[in-house]
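S.K.: Sequence:
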Amino acid sequence: LSTGNMLKDKISNTTGSAVWANDNKTFFYTKQDPVTLRSYQIYKHLLGTDESEDILVYEEQDDTFGCYVSKTKSKKYIIIGSYHTSSTEYRYIDANHPESDFKIIQKREKNLEYSVYHYKEHFYILTNYQAKNFRLMKALITKPAKENWEEVIQHQNNILIEGIDLFKDYLVVEERKNGLMHIKVINWKDNSEYYVDFNDPAYTVSTFANVDFETDQLRFNYTSLTTPGSVFDFNMKNRTRKLLKQNEVLDDDFSPDKYESKRYYATSRDGKKIPISLVYKKDIQQKGNKPLLLYGYGSYGYSIDPYFSSVRLSLLNRGFTFAIAHIRGGEELGRSWYEDGKLLKKKNTFYDFIDCAEFLINENYTTKEHLYAAGGSAGGLLMGAVINMRPDLWNGVIASVPFVDVISTMLDESIPLTTGEFDEWGNPKQKEYYDYIKTYSPYDNIESKEYPNLLVTTGYWDSQVQYWEPAKWVAKLREYKKDDNLLIMDCNMDVGHGGASGRFKRYKEVALEYAFLLNLENIKE
5 LSTGNMLKDK ISNTTGSAVW ANDNKTFFYT KQDPVTLRSY QIYKHLLGTD
55 ESEDILVYEE QDDTFGCYVS KTKSKKYIII GSYHTSSTEY RYIDANHPES
105 DFKIIQKREK NLEYSVYHYK EHFYILTNYQ AKNFRLMKAL ITKPAKENWE
155 EVIQHQNNIL IEGIDLFKDY LVVEERKNGL MHIKVINWKD NSEYYVDFND
205 PAYTVSTFAN VDFETDQLRF NYTSLTTPGS VFDFNMKNRT RKLLKQNEVL
255 DDDFSPDKYE SKRYYATSRD GKKIPISLVY KKDIQQKGNK PLLLYGYGSY
305 GYSIDPYFSS VRLSLLNRGF TFAIAHIRGG EELGRSWYED GKLLKKKNTF
355 YDFIDCAEFL INENYTTKEH LYAAGGSAGG LLMGAVINMR PDLWNGVIAS
405 VPFVDVISTM LDESIPLTTG EFDEWGNPKQ KEYYDYIKTY SPYDNIESKE
455 YPNLLVTTGY WDSQVQYWEP AKWVAKLREY KKDDNLLIMD CNMDVGHGGA
505 SGRFKRYKEV ALEYAFLLNL ENIKE
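Under this note's numbering, the first residue of the sequence shown is numbered 5, with each subsequent residue one higher.
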């Protein structure tokens, strides 16, 4: 860094991440399997040596697990993490002694998840051990196994602890309650606590880049359906905040006050309350015969929090309402919300999305003739399932890189991600899971009937949902469907699962999707 000279050291076939020991010459990095792309090996490299001399310090033998290497915020320990959809395991060494052997913190157990933070003489451990929504424990670094864990923050049935951040004088806890994120600040000295206030009915907030252990300043990201992405510094001592940066909207006429955000709760067919976040432009009459785009995901416990999108303004300004259905399979309402939408309960995800759509119609936001749905990857599975179950409910559907051939993919263990996802979908080599997956897998449930207008997008280099999966789905739809509606498949020959890279190419993909929607609404300008 001081001279700008490039060193001769080169490392190949890595995941791209590396962690430095404190000697300024040793670093650890992760390698991936060349076929499945699973990150499975941790190597140690010494500056000035050839890659062939690197030392393998850890290999993940269980092909349902991946691994990575990181460093504690205190800079005192290097951590190797092994992860699975429902189990984790961590090892550590002193960052001042990279020659050391890694020691296990707590051996892996089925359905035991935990993460590790360092503060003074303790490891702080966020875990689901006897706590579905997680609780915070601590253990002496010399005795880190779970039989030595002491409770710091107890489990609560209605609050999910998503993460913590440690400072010299404060413990910061990220909690999810009623589907929204909250930031709680606890003073180490007197245990006093308070929540940071946010005013939007639906929003996203998360702490990030808090690398300074000594500071009173907490940095967090904030956005909502009407507020562009914003970075704040919050003084935890006097509770003041300072806006450091807000993403610029390249529209001189833009003002958050011109748009309205709302939060609803739809009742599912089994009585659950499903959160819905929506936004529209105030000066456009929203009730009645207006187009609405409903977005959903609902897998892996991944929560789709309300977020601002400058390109979405293009739809809102033309009269669209945009809504997010926070359906089961995500973790918006805690761990049970996720567990109620996976494995042998997966169809709750699809039912919830359909029930949210019917709620919005009943609330007079739209009609079947003007209702649209969108989702990608596992959200593309959602799209494929709901058009099989209720093809009459949508005028148009966008399925991006859709995971639609569930049986065939989950039977092929050479495909990246397959073995690590048996706990999400089930292993179809077991009859119980085969039979259940067969009842919803989009490809296997195509029938001879009318389907809505469809736009299907994929990438030729996608390693997660290979292009042939949506291709064979589209081919079967073309054979079976009994309508003259649009069925468009776009395969981008240059991209992978995440779509186009670069600052501007991704907007061409958005433009295609919006053109599909605007064409169906006969909106010309």
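Derived by calculation from the structure, the hints in this document are not laboratory data.
If you're wondering where the values come from, they're calculated on a predicted model, not measured in any experiment.
Ideal Cβ positions, reconstructed from N, Cα and C, are used throughout, including at glycine.
Among the clues, some could well be false.
[What the hints assert, rightly or not] Label-pair restraints from in silico Cβ distances:
#: 1; residue 1: A22; residue 2: Q221; range: 47 to 53 Å
#: 2; residue 1: S313; residue 2: N368; range: 22 to 28 Å
#: 3; residue 1: C495; residue 2: N203; range: 42 to 48 Å
#: 4; residue 1: S119; residue 2: K193; range: 45 to 51 Å
#: 5; residue 1: T18; residue 2: K79; range: 21 to 27 Å
#: 6; residue 1: P260; residue 2: S119; range: 32 to 38 Å
[Claimed, not checked] With a straight-line cut-off of 25 Å between C-alpha atoms, the simulated BS3-like cross-links for lysine-lysine are:
#: 7; residue 1: K486; residue 2: K453
#: 8; residue 1: K79; residue 2: K29
#: 9; residue 1: K509; residue 2: K262
#: 10; residue 1: K453; residue 2: K372
#: 11; residue 1: K528; residue 2: K485
S.K.: Confirm or reject each hint.
M.R.: Now the hints, each set against the structure:
1. A22 to Q221: 47 to 53 Å: 28 Å Cβ-Cβ, so the 47 to 53 Å window is violated.
2. S313 to N368: 22 to 28 Å: Distance hint for S313, N368 holds at roughly 25 Å.
3. C495 to N203: 42 to 48 Å: 44 Å, holds
4. S119 to K193: 45 to 51 Å: 25 Å, violated
5. T18 to K79: 21 to 27 Å: 22 Å, holds
6. P260 to S119: 32 to 38 Å: 35 Å, holds
7. K486 to K453: 5 Å, holds
8. K79 to K29: Holds, at roughly 15 Å.
9. K509 to K262: With Cα atoms ~29 Å apart, K509 and K262 exceed 25 Å; violated.
10. K453 to K372: Given that 25 Å is the threshold and the Cα spacing comes to 17 Å, the pair holds.
11. K528 to K485: The given pair, whose Cα atoms are some 28 Å apart, is violated under the 25 Å limit.
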